[in-house]
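Asks: Here the protein sequences come in this chain order: A and B.
All the letters of the first sequence, read from the start, carry residue numbers 1 to 370 under the working numbering.
All the letters of the second sequence, read from the start, carry residue numbers 1001 to 1370 under the working numbering.
In case anyone wonders, no lab produced these hints; they're calculated from the structure.
Don't take each hint at face value.
[Claimed, not checked] Below, simulated BS3-like cross-link-like pairs (lysine-lysine); rule was C-alpha separation at most 27 Å, straight line:
| no. | chain 1 | residue 1 | chain 2 | residue 2 |
| --- | --- | --- | --- | --- |
| 1 | B | 1306 | A | 215 |
| 2 | B | 1138 | B | 1108 |
| 3 | A | 92 | B | 1160 |
| 4 | B | 1215 | B | 1196 |
| 5 | A | 92 | A | 201 |
| 6 | B | 1108 | A | 108 |
| 7 | B | 1215 | A | 306 |
| 8 | A | 160 | B | 1306 |
| 9 | A | 196 | A | 160 |
[Stated by the list, open to error] Take a look, some chain B residues computed to stay more than 10 Å from chain A by CB distance:
| no. | residue |
| --- | --- |
| 10 | 1220 |
| 11 | 1254 |
| 12 | 1266 |
| 13 | 1271 |
| 14 | 1303 |
| 15 | 1352 |
From the three backbone atoms N, C-alpha and C, an ideal C-beta is built for every residue, glycine too.
There are 2 protein chains.
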Amino acid sequence: MSATEYSVVSRSQHETLVQAAYQHRGYEAEEAASAARMCSEASWNGIRTHNALKALHLDELFGSGGGGCEPGAQIDVLETRFPSVQKWNANKKLGQAVACEAMETCIKLADEYGTGTVAVDNAFHYLWGGGYVMDAAKRGYIAYTNCTSTLAEVVPFFGKFPTLGTNPHSWGFPTTDAVGYPVVIDWATSEIAMGKVEQYKREKKKLEQPFGVDKDGNPTDDPFEVVALQPFGRHKGYGLGLLIELYGAAIGGSLPTLRGRADEADGSGEKTTSTFFFQVTHPEAISSGDFSNGRSQAENITSVVKDILGHGNESCMLPGTIEANAAKLSEEAGGLLFTEAEMDGFLELAEECNVDPTMWNRSRLPTFSA
Amino acid sequence: MSATEYSVVSRSQHETLVQAAYQHRGYEAEEAASAARMCSEASWNGIRTHNALKALHLDELFGSGGGGCEPGAQIDVLETRFPSVQKWNANKKLGQAVACEAMETCIKLADEYGTGTVAVDNAFHYLWGGGYVMDAAKRGYIAYTNCTSTLAEVVPFFGKFPTLGTNPHSWGFPTTDAVGYPVVIDWATSEIAMGKVEQYKREKKKLEQPFGVDKDGNPTDDPFEVVALQPFGRHKGYGLGLLIELYGAAIGGSLPTLRGRADEADGSGEKTTSTFFFQVTHPEAISSGDFSNGRSQAENITSVVKDILGHGNESCMLPGTIEANAAKLSEEAGGLLFTEAEMDGFLELAEECNVDPTMWNRSRLPTFSA
């Protein structure tokens, strides 16, 4: 592959613009700053599918533009008799702000009880689950989150009609001492993302396998025929997608086929919001303290990872390696790396939000080839 | 398919024999009874791959016969400052007995704190993770368990050498009010089980896809060439298998490639035992209480499941349906259903353990066609 030339943008310049864009839509400074910080994190770690432009586009479609998200909303912490688990009504507050706060709360609870859990009702899209668990894992915790996706796009195993979200699971494990970065396992429960299908359409290519479902409910590898997605890994990915719907149903979510579809739900009395589930475990809480050859827990994790990636498996990656490599590039470049098309998007955004657009002129910014 | 004729054996007759067989190998009455009860549960729910004969065979190979399990061992509950998470040294106690006790402890902790967790070091194979989460889910709890499998048989994604166990995850969700039985999601993180490969060998059939890996590390669908297994669902199943190795490493487990291989580990100072992780969540702890159209939490779960299996998906199964259907057959037959080959195995076992073998004479037992 030939190298791409990126513009290098500092985190602060990026976050100033993104925060302004959220505030321009009516969000308050603090929640807008949370969202902007998570957008920086996504771009720093090479998650191009969840950058600020995507976040703002989703907000327009489903969030402050679509009634799914309420700028300035406050979280209600609901009463409970269970000290290590909190339940929140997010009142459709901006997802990234809610998720950052939920993860902080889980960490505090885990410090006290061993595990901490926060279940969130009336939530709006938190965008990149991997970011929250990565952050907690970098701070030394085992972290997990799941959320019901805005739209039902996935069919059950052997099913015909999409009744499940692409429902992502995200796990972070504190392996920085072992390998230099946290293991982050973070994926949707569909075989591919709907965005990927759009990309195959643009490139006029078939999908690698019949990962889609056509209008009659038959598997298809033709992106132009795809109306819904298969769960990944046959019945196993189906189970994992279903699990999040069950968590959602237990927390307060409603019918998956009406989620994110306020117009269709109108008059039905059914909620259309998503739910989040967060959990953090303190690694000391599960440590027997008895590791082979006198190793510490961190050293033991290092030995196990080395064993897994030894024996001829040296070229295998850990989940989280791609993000860590991207972060290394950002570090090297000294900022966030954006393509020409992305820079055009930001320039447009700056003009829209009355942020000085000259700062977003590509000719005035350093470049980086990668 | 033509119907099979099964012998019908009462649970108590079955458990008497299985308990005697464990005691014959030196196990104490209480732990032997736990194991026997879980064998009954497996057979009642149609889990033929984890019946008593398999359990006793594994014990012979890796357990009391192979040094992996110590009859009469006692669990040490380790000191901790975290009230909702316990850590145990199982001292190689029989896995089923440890798992039953761990799940009970998780339930007690969840009743008090919202979630309860037990991490177990120096564990020996608990056989059927689905059984423990099914039991907790029938009692109204959300339950989860994972364990590192005895042997490393799975290669990392794009790997050549098996350095991961088939490491199963098991989730149980309290959906009895919704659908008549709990959702039980329970599978290994390999594409198929090694036992399935043996079956294909006997039947001289190719695997459906190249689910195996040959001696040179290449994918293969020829069961005779298979020396290791692929993780299911590409990088996603790999992540899920890896996650259990990381939990194991944090708890106290050692190198995956030496696990269950005491001879190879001899002199290395490395432990060869498995680890378990159990967690229970009280569904009230995550309930916002705000369900659409005034539904209760259970009614809401019913509505969500109906939505998922509606819209043309009526013929789809839930994870747990197969087990529930098998349990229905057992109920109808009035006992556990065993094939002729299984009955021969039990008869042999009865003779070996000085249990009256006449009770295991097929001609003296009722039969059931299914």
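Asks: All hints are to be evaluated individually against the structure, with a verdict given for each.
Replies: Hints, one by one, checked against the model:
1. B:1306 <-> A:215: holds, 21 Å
2. B:1138 <-> B:1108: holds, 15 Å
3. A:92 <-> B:1160: violated, 47 Å
4. B:1215 <-> B:1196: The given pair, whose Cα atoms are some 18 Å apart, holds under the 27 Å limit.
5. A:92 <-> A:201: This hinted pair is violated, its Cα atoms lying about 33 Å apart.
6. B:1108 <-> A:108: holds, 22 Å
7. B:1215 <-> A:306: Holds - the C-alpha atoms of residue 306 of chain A and residue 1215 of chain B are around 21 Å apart, at most 27 Å.
8. A:160 <-> B:1306: The hint holds at about 15 Å.
9. A:196 <-> A:160: holds, 20 Å
10. 1220: Non-interface label stands for residue 1220 of chain B: nearest chain A Cβ at 16 Å, farther than 10 Å.
11. 1254: Violated, because the least Cβ-Cβ distance between residue 1254 of chain B and chain A comes to about 4 Å, which does not exceed 10 Å.
12. 1266: holds, 13 Å
13. 1271: At roughly 5 Å from the nearest Cβ of chain A, residue 1271 of chain B sits no farther out than 10 Å, so the non-interface label is violated.
14. 1303: For residue 1303 of chain B, whose nearest Cβ neighbour in chain A is about 6 Å away, the distance does not exceed 10 Å, so it is violated.
15. 1352: holds, 36 Å
In this structure, the earlier hints numbered 3, 5, 11, 13, 14 are contradicted, and the remaining ones agree with it.
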